[in-house]
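Respectively, the protein sequence lines represent chains F and E. In terms of my numbering, the first sequence opens at residue 1 and continues consecutively. In terms of my numbering, the second sequence opens at residue 1 and continues consecutively.
Calculated from the structure, these hints are not laboratory results. Worth double-checking, as some hints may not be accurate.
In silico BS3-like cross-links for lysine-lysine, where the CA-CA straight-line distance does not exceed 30 Å [to be verified]:
id, chain 1, residue 1, chain 2, residue 2
1, E, K18, F, K92
2, F, K81, E, K18
3, E, K184, E, K117
4, E, K147, E, K121
5, E, K121, E, K178
6, F, K66, F, K92
7, F, K92, F, K37
8, E, K121, F, K81
9, F, K81, E, K147
10, E, K34, F, K92
11, E, K18, F, K61
12, F, K92, E, K31
13, E, K117, E, K18
14, F, K66, F, K37
Because the structure is a prediction, the values reported are computed rather than measured.
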Amino acid sequence: MYLVAHIDQAICSETACRLCTQYCPEANTILYDNAAKTAFVAVDRCKGCEICVGICDDLAKHHAIKMVMITDLENQFEMSKEGFRPDHWNGKHS
Amino acid sequence: MSVKNISITPGWEKYMTKEYQDLVERGPYGKQKKVSEMGSFKEVLEEHPMCAGCAMTLFIRLTMVGLPNPEHTVLIGTAGCGRLALTQTSIPFIYGNYGDTNAVASGLKRGLEVRFKDQAKDVVVMAGDGGLADIGFSAVMHSWFRKERFTTIMLDNEVYGNTGGQESGMTERGALLKMAPKGKMFEKMDMMGLAQTAGVAYIARLTPTNPTRVASVVRKAVMIAREVGPTFIQAYTSCNIEYAIPTPKVLDDAREIEAKRYGFTEIISDEAKAYLDSIDTSKKVKK
Ligand SMILES: Cc1ncc(C[n+]2csc(CCOP(=O)(O)OP(=O)(O)O)c2C)c(N)n1
Ligand code: SF4
Ligand code: SF4
Ligand code: SF4
Ligand SMILES: [Mg+2]
Numbered sequence: 001m002y003l004v005a006h007i008d009q010a011i012c013s014e015t016a017c018r019l020c021t022q023y024c025p026e027a028n029t030i031l032y033d034n035a036a037k038t039a040f041v042a043v044d045r046c047k048g049c050e051i052c053v054g055i056c057d058d059l060a061k062h063h064a065i066k067m068v069m070i071t072d073l074e075n076q077f078e079m080s081k082e083g084f085r086p087d088h089w090n091g092k093h094s
Numbered sequence: 001m002s003v004k005n006i007s008i009t010p011g012w013e014k015y016m017t018k019e020y021q022d023l024v025e026r027g028p029y030g031k032q033k034k035v036s037e038m039g040s041f042k043e044v045l046e047e048h049p050m051c052a053g054c055a056m057t058l059f060i061r062l063t064m065v066g067l068p069n070p071e072h073t074v075l076i077g078t079a080g081c082g083r084l085a086l087t088q089t090s091i092p093f094i095y096g097n098y099g100d101t102n103a104v105a106s107g108l109k110r111g112l113e114v115r116f117k118d119q120a121k122d123v124v125v126m127a128g129d130g131g132l133a134d135i136g137f138s139a140v141m142h143s144w145f146r147k148e149r150f151t152t153i154m155l156d157n158e159v160y161g162n163t164g165g166q167e168s169g170m171t172e173r174g175a176l177l178k179m180a181p182k183g184k185m186f187e188k189m190d191m192m193g194l195a196q197t198a199g200v201a202y203i204a205r206l207t208p209t210n211p212t213r214v215a216s217v218v219r220k221a222v223m224i225a226r227e228v229g230p231t232f233i234q235a236y237t238s239c240n241i242e243y244a245i246p247t248p249k250v251l252d253d254a255r256e257i258e259a260k261r262y263g264f265t266e267i268i269s270d271e272a273k274a275y276l277d278s279i280d281t282s283k284k285v286k287k
């Protein structure tokens, strides 16, 4: 078991700040769903560094990201399974 | 420019990986992507084994977004942490021997100019502080004195990260490292000053605190190298392992070091400035 970043989409979608997507060190790990106006995490790519938590808390001041046990997540997005298909996202992922 | 270089021969799609298909369909080819669009386009960088929270990883990721023509770029790297990610991009990568990067890049750039007369090819060296300021030092300096037209990017984590914590010429005086247990006894090398002496057309020193700035500096450096002369970027990209920085604090550290001593500085020659003024670097440059 290990921790991954998880984004509260209700909080995130109140603004379209997109800051965490620019500061996560890993490529295509925090994705941005333009239709649902929210960021979300490809959990299979997240290395658990928590940089995004600091960005959302201190820079964006939105407090939308928490670290959670990967086993506690439901309906999470995995890039290796679904590939990079923004037209399929539409707020479908937790 | 053109997505043609990477597109899949009709009928062969099903044999290509998902990642590759995504890249052709939704990658940055043929359209200059902005940092603000990150998360909504397929990046040229894939998964890689660099450490969690590594600032160098972030810098490399942003560099890939800044490249003006990824489909016409060749990366040169060498031993050191950065190549672990650089080899996982969809950009041709050449592994120069440790110390040889700028000699390899010189020959390659000249060869590409002969081979592709109608198509600008960008050559970008990305290597560590040890690779460029210590072991590759003479090749770096001579490539600058010879005015070779490519970009050199130093991933300056101020240590030999990949081999477990030896001091480099770029380590700060007094820094304690595993293999500098009494603290480094000499000053950090002034690579910007050396680059200026050698007549480098565009020199920038920065940290990854501002993603848009990183991409814009990279774009300028590559464009100027294409048309004017050698360019050099020195980027603070902390090693959280050797400097024992907890990963949630990596960007706090970058901000602190930037404020204290690293700053953001650009030195640009008159010719390079005139060239930049003549193009709009915020747009994709047609070539
Ligand atoms: C000629 C040669 N000497 C030594 C090495 C061993 N070596 C591999 S990586 C490395 C240090 C890398 O330090 P740096 O260039 O600063 O890159 P970093 O890992 O810190 O990013 C060394 C000495 C080598 N591969 N080749
Ligand atoms: S920083 Fe926070 S509010 Fe902004 S996009 Fe990321 S999760 Fe959403
Ligand atoms: S914890 Fe680190 S790797 Fe995971 S999404 Fe956040 S910034 Fe990216
Ligand atoms: S050893 Fe240091 S520089 Fe290398 S990947 Fe890990 S944190 Fe980054
Ligand atoms: Mg180093």
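For the pair supplied as a hint, E:K121 and F:K81, is the alpha-carbon distance within the 30 Å limit?
-> Judged against 30 Å, a Cα distance of about 35 Å means the pair is violated.
Quick one, are F:K81 and E:K147 close enough, alpha carbons at most 30 Å?
-> Roughly 47 Å between the alpha carbons, so the hint for F:K81 and E:K147 is violated.
Straight-line Cα separation of F:K92 and F:K37 no greater than 30 Å?
-> holds (12 Å)
For the pair supplied as a hint, F:K66 and F:K37, confirm whether the alpha-carbon distance does not exceed 30 Å.
-> Satisfied, since the Cα-Cα distance of roughly 19 Å is no more than 30 Å.
Does the alpha-carbon distance linking F:K92 and E:K31 stay inside the 30 Å limit?
-> holds (28 Å)
Given the hint that E:K34 pairs with F:K92, test it: the Cα-Cα distance must not exceed 30 Å.
-> holds (25 Å)
Pair hint E:K18 and F:K92, alpha-carbon separation not exceeding 30 Å = OK: E:K18 and F:K92 at ~20 Å, within 30 Å.
Does E:K121 lie within 30 Å of E:K147 when you go C-alpha to C-alpha?
-> holds (16 Å)
Restraint status (C-alpha distance of F:K66 to F:K92 at most 30 Å) | Satisfied, since the Cα-Cα distance of roughly 19 Å is no more than 30 Å.
When you check the alpha-carbon spacing of F:K81 and E:K18, does it fall within 30 Å?
-> The given pair, whose Cα atoms are some 9 Å apart, holds under the 30 Å limit.
Is it true that the CA of E:K184 sits at most 30 Å from the CA of E:K117?
-> violated (48 Å)
Hinted pair E:K121 and E:K178, Cα distance within 30 Å | violated (41 Å)
Violated hints, listed in ascending order, are 3, 5, 8, 9, 11, 13; each of the other numbered hints is respected by the structure.
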